[in-house]
Amino acid sequence: MEEEKAAISNETEIRHRGIKAMPFIIGNEMFEKLGNLGNIIQPCSLFHHSLQHQASTISKLHPPTCGTKESLCVQPTASQWAFLLVALLLLVIGSGGIRPCNMAFGADQFNPKTDSGKKSIDSFMNCFINKAAILTNEDQINEDGSPANPWRLCTMQKVEEVKCLVRVLLIWVSSAILHIATTQQQTYVVYQALQSDRRLGNNNFKILGASYTAVSWLTIVVWIPIYDRLIVPSLRKFGGITLLQRIGIGTFLSALFMLVSALAEERRRNLDQTHPTLGYAKGGGAVSSMPGLWLIPQLILSGLAEAFGLISQVEFYYKQFPENMRSIGVSVYYLAIGVGSYASGFLVSVVHQTTEGAATGNWLAEDLNKGRLDYFYYTISLIEIVNFVYFLVCAKWYRYKAMVQTLESNHP
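Residue numbers for the sequence shown follow my numbering, beginning at 577 and rising by one.
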């Protein structure tokens, strides 16, 4: 009998592969981000990228090019829109199968019961009450000891898990609002670059407008090793830094990022009106004489906001969700990105409708020199400041899951 138990124990023992599995997991994540190579493991994603490639190379699948101020842009047809939307839908299906599971699967390769495993996980990630668990005269118990009606009576563990989810979701709301700011680095920052002086030195070499967003990613790549290998060990001497503190720093930096963006746009627009311009951009607006390098500070702040806020969110959801819901916890992170993007789009629509007939003109005009993008950035900065205050309130009230487990272990 003991031999059978030992055999069963050996079969069910979890084997943590640790760092040996990391090249495969990180490689999968990296290639998924790159797109074309990583998505070969996903048939839907592979088909998606073939569709996108065809749309960019076959002239009938996209409207004709327009690049001068005098020419009018031809709008895409319904079939061209449909082709693009199908490609994007397949991208969502492919990425949705990889991203949430890949992070949780990677973190599960380390043993959370050991100190080295906990450190490795940290590096890898870089109104319910207890009344539901109290037995009353009206509650019925099955012969095996389980409650006959789990909606009336459940275990203490399930109650604590539900309370944990409620606390996490309050933090999640703040995270979704944070993504409103980070979304801007992929949209209007590019427009700012296109209407700025993108030349390097005295030659005619120009940096691509969309390439400026790479500054944020480079900031993350440079900052994370410094933080993980130098700053974290130093902070451990003073008690360390919690996940909520890191998310709070990211939330504050997002507000600062939008404030600096507004100041940079205000300078770009003033130079356009007071100094000679440098021709016209593809969208038709005049190119300001402000060097595009002035956009780098706001992009560095954006990268730091993501390094502190967004990466910490993944680790926060993974650690604070119940163990049987860790993959869902990582999915919640991507849900926050989606909600933040939709909220940003909704905010853009509201600004378009409310400022179209205003004395200042449309804030988000296609020609940034005729709009007031800086006002839009100031508005988002104010939203993020309010969000930061909301986050501080939720963080002060929040109790980590480990604290709950400690309380339970002290009350058998």
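Hints are supplied without guarantee of correctness; some may be wrong.
What the hints assert, rightly or not - 20 angstroms max Cα-Cα, derived SDA-like pairs, lysine to any residue:
hint	residue 1	residue 2
1	Lys636	Val668
2	Lys858	Phe659
3	Lys858	Val927
4	Lys972	Thr763
5	Lys858	Asp773
6	Lys946	Val927
7	Lys689	Asn900
8	Lys813	Ile802
9	Lys977	Asn900
What the hints assert, rightly or not - Restraint ranges, calculated between C-beta atoms of paired labels, are given here:
hint	residue 1	residue 2	range
10	Gln821	Met901	22 to 32 angstroms
11	Ile783	Lys946	31 to 41 angstroms
12	Leu806	Ala935	21 to 31 angstroms
13	Ile783	Tyr951	51 to 61 angstroms
14	Ala935	Val749	47 to 57 angstroms
15	Gly816	Glu842	18 to 28 angstroms
16	Val738	Tyr951	15 to 25 angstroms
17	Thr818	Val749	54 to 64 angstroms
18	Arg843	Gln656	34 to 44 angstroms
Simulated from the structure, these hints should not be mistaken for lab results. Even glycine gets a Cβ: it sits at the ideal position worked out from N, Cα and C.
Going down the list of hints, with the structure as the test:
1. Lys636 x Val668: violated, 24 angstroms
2. Lys858 x Phe659: It is violated: about 24 angstroms lies between the C-alpha atoms, which goes past 20 angstroms.
3. Lys858 x Val927: violated, 24 angstroms
4. Lys972 x Thr763: violated, 34 angstroms
5. Lys858 x Asp773: Holds - the C-alpha atoms of aspartate 773 and lysine 858 are around 14 angstroms apart, at most 20 angstroms.
6. Lys946 x Val927: holds, 15 angstroms
7. Lys689 x Asn900: Between lysine 689 and asparagine 900 the Cα gap is close to 17 angstroms, so the pair holds against 20 angstroms.
8. Lys813 x Ile802: Between lysine 813 and isoleucine 802 the Cα gap is close to 17 angstroms, so the pair holds against 20 angstroms.
9. Lys977 x Asn900: holds, 14 angstroms
10. Gln821 x Met901: 22 to 32 angstroms: holds, 24 angstroms
11. Ile783 x Lys946: 31 to 41 angstroms: Since isoleucine 783 and lysine 946 have Cβ atoms about 24 angstroms apart, the given range 31 to 41 angstroms is violated.
12. Leu806 x Ala935: 21 to 31 angstroms: Taking Cβ atoms as reference, leucine 806 and alanine 935 lie about 52 angstroms apart, which means the hint is violated.
13. Ile783 x Tyr951: 51 to 61 angstroms: Roughly 27 angstroms apart at Cβ, these two residues miss the hinted range, so it is violated.
14. Ala935 x Val749: 47 to 57 angstroms: Given about 35 angstroms between the Cβ atoms, the range is violated.
15. Gly816 x Glu842: 18 to 28 angstroms: Since the Cβ atoms of glycine 816 and glutamate 842 sit about 39 angstroms apart, the hinted range of 18 to 28 angstroms is violated.
16. Val738 x Tyr951: 15 to 25 angstroms: With a Cβ separation near 43 angstroms, valine 738 and tyrosine 951 fall outside 15 to 25 angstroms, so the hint is violated.
17. Thr818 x Val749: 54 to 64 angstroms: For valine 749 against threonine 818, whose Cβ atoms are near 19 angstroms apart, the range 54 to 64 angstroms is violated.
18. Arg843 x Gln656: 34 to 44 angstroms: Holds: the Cβ-Cβ distance is about 38 angstroms, inside 34 to 44 angstroms.
Hint violations for this structure: numbers 1, 2, 3, 4, 11, 12, 13, 14, 15, 16, 17, all remaining hints satisfied.
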